[in-house]
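Using the sequences provided together with the hints, build the complete structure.
Chains as they are written, first to last, in the working numbering: chain A, 191 to 470; chain B, 103 to 379.
It should be emphasised that the hints constitute simulated quantities derived from the structure, not laboratory data.
Heads up, some of the hints might be wrong.
[As the list claims (entries may be wrong)] Covered stretches of chain A (chain B as the covering partner; in silico rule of three or more C-beta atoms under 8 angstroms from a C-beta of chain B):
#: 1; segment: 224–232
#: 2; segment: 295–304
#: 3; segment: 343–351
#: 4; segment: 366–373
#: 5; segment: 448–456
Beta carbons: idealized from backbone N, C-alpha and C, even for Gly.
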Amino acid sequence: MQKSIKRYFALFAFPTLLAFTVMFIIPFFMGIYLSFTEFTTVTDAKWAGLSNYAKAFSNPDFLNALWFTVRFTVVAVITVNVFAFLLALLLTRGVRGTNLFRTVFFMPNLIGGIVLGYIWQLILNGILYKFEVTLTSSANYGFWGLVVLMNWQLIGYMMIIYIAGIQNISREVVEAAQIDGCTRYGILRNVTIPLVMPSITICLFLSLSNSFKLFDQNLALTAGAPSKQTAMLALDIYNTFYGNGGWEGVGQAKAVVFFVLVALIALIQLRATRSKEVEN
Amino acid sequence: MQKTRNRGTITFGVLLVLAILFLSPILIVLMNSFKGKFFISDTPFKFPDAQTFVHFKNYTEGVAKTGFFNAFGMSMFITVGSVAVIVLLTAMTAWYITRVKTRFTKLLYYIFVFSMIVPFQMVMFTMTKTANMLHLDNPLGIIVIYLGFGAGLSVFLFSGFVKSIPLEIEEADLIDGCNPVQSFFHIVLPILKPIAITVAILNVMWIWNDYLLPMLVIGTEYRTIPIAIQYLKGGYGSIDMGAMMAMLVLAILPIVVFYLLCQKYIIEGVVAGAVKG
Numbered sequence: 191m192q193k194s195i196k197r198y199f200a201l202f203a204f205p206t207l208l209a210f211t212v213m214f215i216i217p218f219f220m221g222i223y224l225s226f227t228e229f230t231t232v233t234d235a236k237w238a239g240l241s242n243y244a245k246a247f248s249n250p251d252f253l254n255a256l257w258f259t260v261r262f263t264v265v266a267v268i269t270v271n272v273f274a275f276l277l278a279l280l281l282t283r284g285v286r287g288t289n290l291f292r293t294v295f296f297m298p299n300l301i302g303g304i305v306l307g308y309i310w311q312l313i314l315n316g317i318l319y320k321f322e323v324t325l326t327s328s329a330n331y332g333f334w335g336l337v338v339l340m341n342w343q344l345i346g347y348m349m350i351i352y353i354a355g356i357q358n359i360s361r362e363v364v365e366a367a368q369i370d371g372c373t374r375y376g377i378l379r380n381v382t383i384p385l386v387m388p389s390i391t392i393c394l395f396l397s398l399s400n401s402f403k404l405f406d407q408n409l410a411l412t413a414g415a416p417s418k419q420t421a422m423l424a425l426d427i428y429n430t431f432y433g434n435g436g437w438e439g440v441g442q443a444k445a446v447v448f449f450v451l452v453a454l455i456a457l458i459q460l461r462a463t464r465s466k467e468v469e470n
Numbered sequence: 103m104q105k106t107r108n109r110g111t112i113t114f115g116v117l118l119v120l121a122i123l124f125l126s127p128i129l130i131v132l133m134n135s136f137k138g139k140f141f142i143s144d145t146p147f148k149f150p151d152a153q154t155f156v157h158f159k160n161y162t163e164g165v166a167k168t169g170f171f172n173a174f175g176m177s178m179f180i181t182v183g184s185v186a187v188i189v190l191l192t193a194m195t196a197w198y199i200t201r202v203k204t205r206f207t208k209l210l211y212y213i214f215v216f217s218m219i220v221p222f223q224m225v226m227f228t229m230t231k232t233a234n235m236l237h238l239d240n241p242l243g244i245i246v247i248y249l250g251f252g253a254g255l256s257v258f259l260f261s262g263f264v265k266s267i268p269l270e271i272e273e274a275d276l277i278d279g280c281n282p283v284q285s286f287f288h289i290v291l292p293i294l295k296p297i298a299i300t301v302a303i304l305n306v307m308w309i310w311n312d313y314l315l316p317m318l319v320i321g322t323e324y325r326t327i328p329i330a331i332q333y334l335k336g337g338y339g340s341i342d343m344g345a346m347m348a349m350l351v352l353a354i355l356p357i358v359v360f361y362l363l364c365q366k367y368i369i370e371g372v373v374a375g376a377v378k379g
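Now the structure itself:
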């Protein structure tokens, strides 16, 4: 069987492979190579060693974006997951209208980042107007604005995964705990949370990588203002490439650093989910 | 008994308040889309009144300014074209590399999985340049780009599903005299339907909302909806708020319709994609 399929490589695998090679594999390796060179287009690259990386790490915009991104990611991951989990608890009590509520809470997740950014720009500026400031008056407003936006977008998504996890817990376990005299809080702590641990891991990493890689929302909400104080990593890389000329090499070096950080998160996630699977 | 009923009522009340809170940003945008552009930024929470109400003026102006219907058509064409190509071709590829077990196909599988974790910014510049050089910087060429950059997740999801199909079904078909092409289209593809829906939904959500990739590749000549909206923000950071509100409503509308039509598939697909991704 394997032999007869193998002859059809050109039909089955080749088209995808060609597009994948040209649009992913080649640009990826070219990107790594170019991060060690100076260039303005891809054909005039001159070897520059590690100087792009040195420039990237001594660039205040980059360091600020890195710190902003880390702070934002920590706050967003915690708030999104706490609210999503609480919402999932409320929606698994079997009250009227559960499906309708689920539909409403999940909807913002489908709206694109650019649209989300401008929706919240209107709302937040409307509130801040009463205090005679705007979103871009201080980096703090932009920070918390992004946190609110991220919560609105991701809570419904994470909630759906938590609901699936909670509904997988068998009724007998909960009833056994009740008969043993567990309080409602005790059941939550000793039964529900340990049993939905796999969902928690998934949600933590999903919200983590979504927050860390944020771009569209950042661009639409504040575009980094004031000055570049609210620019996250992805936006800073974009600005480095397409802002002033002559910084393409540094932009590519920043992009490689960004990739390494994202890959690190993914590797930790892989290990976390693997070890959980063994335990269960 | 009375106590549990009370608790149910309280839960319902809390959820109702939260649901209204969740919907309010969209409703506020909708409300402001009918107000004159100078009455939006400062007082977004006021209902339109006789002085501020402008009927559909924002809509007609916004549509003219952004070329919204062209952008809608462009988004539609790119999304439908790319998703159709991705679903068909990556299903074939996944089937091939799962069924043909060589060192080469194994390596391919790992490269596809690896590509899933690479953020767009890593290849943003080089991919755009490559696309220019190969003359793929047009609405048809961008489909090839989406196939290339989106192949990882789709091949991964299809491969996981193909592994669970018992070989006997396909073998029986081959013994009956079918060649692998017939066997794939008659037997395998129908079995893949549930995961194909998941792959389609995930890719629709990505491509429809994608801003940066189409902006860089075709943005100077063609606008998708996110590009049209970002375009409203003028060169000096000034925004026609009236047109912006109307365009936000028009951008959200197709998503809400799509969501209400295929809600079940979307939620299932997103969960399946999340658990495996």
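Quick rundown of the hints versus the structure:
| no. | hint | verdict |
| --- | --- | --- |
| 1 | 224–232 | holds (count 3) |
| 2 | 295–304 | holds (count 10) |
| 3 | 343–351 | holds (count 4) |
| 4 | 366–373 | violated (count 0) |
| 5 | 448–456 | holds (count 5) |
Of the numbered hints given earlier, the model fails hint 4 alone.
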